[in-house]
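Visitor: The lines below spell out each chain.
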Amino acid sequence: MLTTNDVLKVAELGRLKVTDAEVQKFAEQLGGVLDYVRVLDEVDVSHVAPMAHAADVANVFREDVPVTSLPRAAALANAPKTDGQFFLVPQILEHA
Amino acid sequence: MSILAATTSELLGQLSNRSLSAVELTQACLAAIEKHEPQVGALLTINRDNALAQAAGIDRRRQAGEPVGALAGLPIVLKDNICTQGLKTTCASRMLENFVPPYDAHVTSRLQQADAVLIGKANLDEFAMGSSTENSALGKTTNPWNVAHAAGGSSGGSAAAVASGFAPLSLGSDTGGSIRQPASFCGVVGLKPTYGRVSRFGLVAYASSLDQIGPFANDVTGAALLLDAISGHDGRDSTSVHAPATQTAATVEQPLAGLRVGVVREHFAEGLDAEVEAAVKRAVDVYRSLGATIVEISLPHSKYAIAVYYLIACSEASSNLARYDGVHYGHRAAEFTNMVDMYKASRSEGFGDEVKRRIMLGAYALSAGYYDAYYLKALKVRRLIRNDFDAAFQQVDVIASPVNPTPAFKLGEMTADPLKMYLADIYTISANLAGIPGISIPAGMNSARLPIGLQLLAAPFEEDKLLRAARMFEREHGPAPRPFVDGSSSR
Amino acid sequence: MDFTTIIGLEIHVQLQTQTKLFCGCPTTFNPDQPNIQTCPVCLGLPGALPVMNRDAFQLSLKTALALNLELAKFTKWDRKQYYYPDLPKGYQISQYDLPFSSNGHLDIDVPSTGETRRIGIIRAHLEEDAGKNLHDESGRGSDSQVDLNRAGTPLLEIVSQPDLRSAEEAKTYMEEMRLLLLTIGVSDCNMQEGSMRCDANVNLHVHENGESIPTPIVEVKNLNSFKFLEAAIEYEVQRQRAAWQNSRQRMGEPGSHKTTRGFDPHRGVTFEQRGKEEAADYRYFPDPDLVPVTVSDEQLAAIRATLVEFPAARRRRYQQQLGLSAYDARVIADQGADFATYFDAVVSVCSDGKQAANWLTQDVLREMNDRRLSITEFPISSDVLGALLTQVKMAELTIKAAREVFTALLTDWEEHETTPTADRIEAIVKERGLATVNDTGAIEAVVNAVIVRNEKAVADLRAGKMQAIGAIVGQVMKELKGADAKVVRQMILDTLGIS
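Chain order of the listed sequences is A, B and C.
In terms of the numbering used here, the first sequence opens at residue 2 and continues consecutively.
In terms of the numbering used here, the second sequence opens at residue 273 and continues consecutively.
In terms of the numbering used here, the third sequence opens at residue 1353 and continues consecutively.
Please keep in mind that the hints were generated in silico from the structure rather than gathered at the bench.
Quick caveat: nothing in here was measured; it's all calculated off a predicted structure.
Backbone N, C-alpha and C fix where the C-beta goes; we use that ideal spot for every residue, glycine too.
A few of these clues could be false.
Claimed, not checked - Simulated pairs of lysine-lysine, DSBU-like, Cα-Cα distance not exceeding 35 angstroms:
#, chain 1, residue 1, chain 2, residue 2
1, B, K412, A, K26
2, C, K1579, C, K1425
3, A, K82, C, K1484
4, C, K1573, A, K82
5, C, K1432, B, K652
Unchecked claim - Listed next, the stretches of chain B that the computed footprint assigns to chain A, with coverage defined by at least 3 CB atoms under 8 angstroms from CB atoms of chain A:
#, segment
6, 401 to 411
7, 527 to 535
8, 609 to 615
9, 621 to 631
10, 646 to 660
11, 710 to 716
Unchecked claim - Derived Cβ-Cβ restraints for the label pairs, each shown as a range:
#, chain 1, residue 1, chain 2, residue 2, range
12, A, A50, C, N1542, 37 to 47 angstroms
13, B, E538, C, T1658, 25 to 35 angstroms
14, B, V612, C, P1383, 20 to 30 angstroms
15, A, Q92, C, L1450, 31 to 41 angstroms
16, C, T1611, A, Q92, 32 to 42 angstroms
17, B, T609, C, T1658, 48 to 58 angstroms
18, C, T1771, B, H505, 51 to 61 angstroms
19, A, K18, C, G1604, 33 to 43 angstroms
20, A, A50, B, R290, 34 to 44 angstroms
21, C, E1362, B, Q667, 28 to 38 angstroms
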């Protein structure tokens, strides 16, 4: 079961806002899924290596040769806010 | 006979001998779109003028005796999570509602080289998360066979477009069944290649270790031709296997002597619709009549597949979707108090509920303290699922199974309980976890005139075997009916 | 208050590859033209995928070998997840639990004590750099600006053990690391441009009543010069002393988690920084878009073969085998690999390390600086200089004469573009009669002749005015340029019977 706090915590990790009504709803729905996945508890994986990749590939590289970058206009074309040179975001506060 | 009832091969033949021009074919598809799209709602973007211009260019070059690509003149629809330079790519989400990529996906470039005509972008479940296309924030897609029913998902638009004659070919993506299931719901052929077979460069990522782009067509050979045109190594995708493009169309007509077809003990359990079960069993009988040996096999870890899938997919998705923050592209909220609030407001406004659920579930599974119990555990059980298939393919060449426990459900029927929707993925999901190829082919209709699909699975990199086995059935079963074209749609 | 200062340094170094770590955009330092070195991959656009830069990985392996690190035969890439405008994907591709190298060391020679200390290195791993944020410093609260030119540049993160015990040691470690990385050619280590950055983790172990009490660790970030590094640590140590005396807060106590501070060089103080994510949960997991990397023994052998001698080993060799002073050894080794190689070549010809060291640190360096030449451009080759010094060693030339030859060679080259060669040395020596005269008989003859011509000077000398000998010696030397002045002087005294 997922508590309200759990939902708020994962919403924060996902940078999502949740209303009070949504917290309840998500707690139930996510809780249901998490209860379901507990079926994995019955599997013995003590000598099993994790499978992070579907294909057994290793050592894929590219050569250190420059490729033409995007022109600035293209890089900024989808930016919600720009001054033509930079992406603009609300002030980032770094100093206390 | 209407152009749109022709197979891909027939169309290629007519285009090649110039009894049909690319412009004519494109116009026929556009006419079908005009007539049936208001009902079907398969497309988010119709690329009308560009498509006609492209088609005209191909006709000109063919006229001049210049070489043209392998799919020259064939209209194609791309799922709207595949990047097309200069053409909106929305993933059916408010987050990317106005996003215009400055680059083409690898498959988009390949199709351009093949001279396929890009006629439109198809609707999907938002960010490919869903099994009905009902999670789209930008459009509603209905099943061409029955407007009250879902077209399936997440590639519902791609499947419906091909079924409706909007294009003979389309591309979808399959992470847990998102090509095969809508193919079965709409009565068309849909194939998920081996993981790594088709480059993911330019496919908007949902779950990176599971996603694959694959073809839809009205017939097996069409799917083979399209697979051949898009597959093969791409240096821009580190997970792309070092193999050349497939050449499945060249061998698809050759039946497989001594074919061993596996039937999975665990598949025929409660919850499977009786008519679906009957159709699959009839299909197995067809293989038997063609000389195949039927072998009962076991995939003992199948019951864990859905749990494993949702933990892995949601974990990867929560990370892949972290980039949507309204900073460099995508939706930015109009009102916010500070930068952090901007992130939250933009994401909350931009994403639908299912996307939010998966992001939160993924964040949970990866978070400190839970990683070992959830994500890492899932990766280990995944290996066991793969081992089951490796063992099975020692005994059989292909595995036959249902695609979905039921034919197309009614719109709204499954949306109340997300878990219920997840549980229906039981037949398709393991193939993504194991990385093996799978295909859904039409195998009849139920008593309500809704299509039923047959799924075939094969060992990694055995698409040619898969397609040959599929063609064996199709040849015997006969061409599948087409809604609209055969005047057989119920309204 | 009895305490030990404990410092660990985290150094981030930009690798000098042509292109970024995961895409083909150039890595040129370009702050005046924002956002012209980007592509779908480093912009984090939907659908973009990373592919590892082969050279970046090779340079990383080279660095690990140079720092005596153990190399993982199998290494992988992980996503470190956090949100920040300069991090377009919302995660940084880095390495978490399987870095490509771990458990190494770097030896440093501490200037004030002359002690050699072995500083442990916990790990070195490879990761991508973020872009740059520029803030509105005016206080009006205007938008911040984001430039992604730098996003995706390959970074090596080198984490030391907390083995450093003073600001001086930290500075020395940093300097030695920089020299090493420059020597093996993995980075241009330009701290002003940010291709080498340092964070310092500082705390104290307070010794009280037989107990050694650790204070909370403070991370001082972004120290981009040796001077600032030293100043920041010195300030921080004093600040922590005072903090301990005030609050007696120990590491591990509630409310005493690791804090982050910045350094203000104008005021010379560290200041508290707002954390990016309080106790951030980075949710590390293996990046599914990248595949693992395996390193074979053959690969390692090939890279080892390209490594040059490192500065510290070189300094040690000069002191131990050639008898150079620590000072001279440092001057030569710190000039870089080419200079040190030149020195080695000169020594191999003349077999006199100390003499060669004198000439290199004085005459050669002076000429290089005056003429703005690097050692590879310097017209007198190591063979030629070696030949010259050999003659000095064999007493065929005095040092003074050799210096005259040296200058003449350079003048000829400058004015007539004549390449200095051993033959040219011979020619100049002959022209100017610089060869040492060892024939005592010849010297005697000239001494006698000069004595006869200098009655007044001789008289003064006999009268006890010793300085009068200078003029006589001078005249002899004028005739016999190759004579040894000391020998001449003694001979004059002997001839006149003066002791």
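Visitor: Would you mind marking each hint as holding or not holding in the structure?
Guide: Each hint, compared with the structure:
1. B/K412 <-> A/K26: holds (24 angstroms)
2. C/K1579 <-> C/K1425: violated (38 angstroms)
3. A/K82 <-> C/K1484: Measuring from Cα to Cα gives roughly 17 angstroms; hence the hint holds.
4. C/K1573 <-> A/K82: holds (30 angstroms)
5. C/K1432 <-> B/K652: Distance ~22 angstroms between C/K1432 and B/K652 Cα, so the pair holds.
6. 401 to 411: Contact hint for the segment 401 to 411 of chain B vs chain A: violated, 0 residues under 8 angstroms.
7. 527 to 535: violated (count 0)
8. 609 to 615: holds (count 5)
9. 621 to 631: The restraint on the segment 621 to 631 of chain B holds, since 4 of its residues have a Cβ under 8 angstroms from chain A and three suffice.
10. 646 to 660: holds (count 11)
11. 710 to 716: violated (count 0)
12. A/A50 <-> C/N1542: 37 to 47 angstroms: For A/A50 and C/N1542 the Cβ distance comes to about 43 angstroms; the hint holds.
13. B/E538 <-> C/T1658: 25 to 35 angstroms: Violated: the Cβ-Cβ distance is about 57 angstroms, outside 25 to 35 angstroms.
14. B/V612 <-> C/P1383: 20 to 30 angstroms: holds (27 angstroms)
15. A/Q92 <-> C/L1450: 31 to 41 angstroms: Because 38 angstroms falls inside the window, the suggested range holds.
16. C/T1611 <-> A/Q92: 32 to 42 angstroms: violated (23 angstroms)
17. B/T609 <-> C/T1658: 48 to 58 angstroms: Because 55 angstroms falls inside the window, the suggested range holds.
18. C/T1771 <-> B/H505: 51 to 61 angstroms: holds (55 angstroms)
19. A/K18 <-> C/G1604: 33 to 43 angstroms: Hint holds: Cβ distance 35 angstroms, inside 33 to 43 angstroms.
20. A/A50 <-> B/R290: 34 to 44 angstroms: At 57 angstroms between Cβs, range violated.
21. C/E1362 <-> B/Q667: 28 to 38 angstroms: violated (55 angstroms)
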